[in-house]
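> Using the hints, position chain B against chain A.
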Amino acid sequence: MATKLPKVPVVIVGMGWAGGIIASELTKAGVKVVGIERGKDRTTSDYLMGHDELRYQHRTELMQDLSKETITSRNNRSMTALPMRSYGTFIVGDGVGGAGSHWNGQTYRFLPYDFEIKTLTEQKYGPNKVKPEYTIQDWGITYDEIEPYYDKFEKMAGISGETVELYGKRSNPYPTGPMVKTPIMKEFEKVTKKLGFSPYVIPSSNLSETYKNPDGIQRGACQYCAYCENFGCEYGAKADPAVTVIPVAKNTGNLDLRTHSNVTRILNDGKKATGVFYVNTITGEEFEQPADVVVVASYVFNNVRLLLNSGLGKPYNPETGTGAIGKNYCYQVTGGATTIFFNDKEFNLYGGAGALGMELPDFTGDNFDHSNLNFIHGAGIRVTQYGNRPIANNTVPKGTPSWGAEFKKQSIKYANSTFPVKVQAASMPHRENYLDLDPTYKDAYGMPLLRMTYDYTEQDREIVKYMAQITKKIAKEFGADIMETNEEQAPFNVNKDGNTHNTGGVIMGADSETSAVNSYLQMWDAENVFVAGASAFPHNSNYNPTGTLSALSYRAAEGIIKYIQQGGLLV
Amino acid sequence: MSENEKNQQGVQDKTRRIFIKNSGLTVGGLIVGGAVGSLFGIKSDTKTEPATAMVHESAANPNEALMYFNQEQYQTTAAAAERIFPKDESGPGAKDLNVAIYIDHQLASPWGVNAKDYMVGPFQKPDEKQGGQLRILRKDLFLLGLKGLNDYSNKTFKKKFTELEAKDQDAILTDFESGKAGDLSGVSTNVFFKMLRTLTIEGAYADPMYGGNKDMQGWKMRKYPGSYMGYTKEIQSDKFVALKQQSLHDHMGH
Chain A
25 MATKLPKVPV VIVGMGWAGG IIASELTKAG VKVVGIERGK DRTTSDYLMG
75 HDELRYQHRT ELMQDLSKET ITSRNNRSMT ALPMRSYGTF IVGDGVGGAG
125 SHWNGQTYRF LPYDFEIKTL TEQKYGPNKV KPEYTIQDWG ITYDEIEPYY
175 DKFEKMAGIS GETVELYGKR SNPYPTGPMV KTPIMKEFEK VTKKLGFSPY
225 VIPSSNLSET YKNPDGIQRG ACQYCAYCEN FGCEYGAKAD PAVTVIPVAK
275 NTGNLDLRTH SNVTRILNDG KKATGVFYVN TITGEEFEQP ADVVVVASYV
325 FNNVRLLLNS GLGKPYNPET GTGAIGKNYC YQVTGGATTI FFNDKEFNLY
375 GGAGALGMEL PDFTGDNFDH SNLNFIHGAG IRVTQYGNRP IANNTVPKGT
425 PSWGAEFKKQ SIKYANSTFP VKVQAASMPH RENYLDLDPT YKDAYGMPLL
475 RMTYDYTEQD REIVKYMAQI TKKIAKEFGA DIMETNEEQA PFNVNKDGNT
525 HNTGGVIMGA DSETSAVNSY LQMWDAENVF VAGASAFPHN SNYNPTGTLS
575 ALSYRAAEGI IKYIQQGGLL V
Chain B
16 MSENEKNQQG VQDKTRRIFI KNSGLTVGGL IVGGAVGSLF GIKSDTKTEP
66 ATAMVHESAA NPNEALMYFN QEQYQTTAAA AERIFPKDES GPGAKDLNVA
116 IYIDHQLASP WGVNAKDYMV GPFQKPDEKQ GGQLRILRKD LFLLGLKGLN
166 DYSNKTFKKK FTELEAKDQD AILTDFESGK AGDLSGVSTN VFFKMLRTLT
216 IEGAYADPMY GGNKDMQGWK MRKYPGSYMG YTKEIQSDKF VALKQQSLHD
266 HMGH
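Going down the list, the sequences are from chains A and B.
With my numbering applied, the first sequence covers 25 to 595.
With my numbering applied, the second sequence covers 16 to 269.
Derived lysine-lysine pairs resembling DSS-like cross-links, with alpha carbons at most 27 Å apart:
{"id": "1", "chain 1": "A", "residue 1": "K520", "chain 2": "B", "residue 2": "K154"}
{"id": "2", "chain 1": "A", "residue 1": "K369", "chain 2": "B", "residue 2": "K235"}
{"id": "3", "chain 1": "B", "residue 1": "K254", "chain 2": "A", "residue 2": "K218"}
Just so you know, these hints were derived from the structure itself, not from any lab.
Here the structure is a predicted model, which is why all the values come from computation and not from measurement.
Just chain A, with the same shape it has in the complex (with noise of 0.2 Å):
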């Protein structure tokens, strides 16, 4: 029998950035916030013996525990979608700060041609450049609306980095100047000016020098320790809700944070939300905590799923195209590198940072001609330096064995002189990429699994021919000794591909008929419910998804104080 708790103004589901950011600014606005958190509290000291690559990277101890939730997947509607049942391509975090604890700290904002792409699209290359089944759509917000939460969150989190000419304007520089240029960062740039490119530094919420936001936080500067993917940072250099929003928040006394509590439901009337329900991870307690709003900012996976099991929204269906919950998952396209080997020259490679390296604006979006390319938008081409750590760098030229006299000898002899030129490419959605419930797996609270049916569609396998061609010709010009492009992508492989960046399945939109919440992120369908994080993107860009995510979370928390003041839908 569940406890019934007393009623409060507002519940956010899931403490990273999302419900870390909108935690913060509504409770410095004197709103009463309940934080519920499935996993554990966290702050640095937490991360004292942080630099243990199997430990953090391999045993994935800031991830979410398979053994009580996990997903699905299949390539395609013909298939039977099986659980994920451990770790592969996507690592999804756990505790307070969710995947902004672990992650790498690059921070893009999406592009102008992002908010708007199909008008955009339309109006320079005619009507028929996308074909139907890629359901692509504006975000019923422009670029300079969202421009100023860009800015609020990059001033509080402290981003650093350098102002590029291609991309949209700023209304503000970066709150501090670019990370370091190490050596290979040097050469990707002199290579890439001599071909024409415009090379800029990646932003990064690993900072580049100590920094007061103007929350009063004071955090000091990046160490390059090369921990960080995978990593808490035990300096609070890099930016992580559990050392900048939610510790502002936990200060003005407004926030009632309950971790260890897993939502399993969000207890609705059909109309409205109520509360959620939600179970004691360690006792197996059970609670419903009654809401005034209910704020689901959970990993995208979960957001998903927390709707459909509670009833909420109407579900996608790929048959028809109708109903928006599910619909427009997105991913991102890594195919296309081109990997480099120097015999005789060594780099300091044991040494970096997340949010290290350098990249072209030249390729990605619309910032060069699609007219005769059977693809649109592009991908960010890229140098980086995270740090290679040894278990799980160990690089070898093709037709090295995978074991045995001859890979030790070329896994050593490489060991700090291959890199790659790498690609991130955007990922457009297509009508038979969605999330649904999975029929027969269950988590250990009994609730249905989310299920995953998404493959590469022909774009994504244009894209990476085209951007093998580029990263092809940047290696080139490296001089090196060995060069292996990567031309084909391959089918999507729930083990093997290299990218964590999951979009969509709760879209935002102008229209209540093909999207699931307003620019607001609130429902449509239930005005008291928002739902904040990357689930909100129509298409995912060929950026890392934080900078948006969190620019849009700003937004929601100022649209809840609104529907908090005046109710009913805000657009």
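Chain B alone, transformed into the frame defined by chain A:
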């Protein structure tokens, strides 16, 4: 406060000052989240461990004992791992790095019983693009694999795996890798092989506290420094900077 604790406090304060100096972090204003406080207990990267201390420790290392394997299983694992990562002119192989000790400890850990994996049925045969769908636990699969190595060696060469010449051991492992060696209670030998390979690499390069990477020699071979507080200076250098290896043990602040 005991004399010992006082000394310890002194070390920590010094460390904190060094970090603040290195990072340019000035104390003042509102510091939340423990950005400075968390550094207590971390030793600075200027500290060096005398080489003799390390040799002494390795001479009587209580970590070199078995939690899971029996002697024969240990020997077979050590022999197979050595073929995956053999001793050569660049340095020690899996045997000298204590990789089999590492594997033993891992199989005895929660990872060995798939504690963080989704283990609810039904277990169905996956498409090659879907993840593994095994009901069998890692610790059990590994023992089946070891038995499989000996059975296949006996069948092929009339000897146990550990008694074979290196080239014959390689032949056995090659058949395990390709799956030609058949099944182990319904699981392809390839699945066991992949697990053995992954564990061997981990055992060569994981922090030495896990039992392998003996005396950080795995790291030394590839000039990996291990665990430092930062590399701001090194990463900007045009020359390769070789650093003396440090492990998490150096962060204990004892």
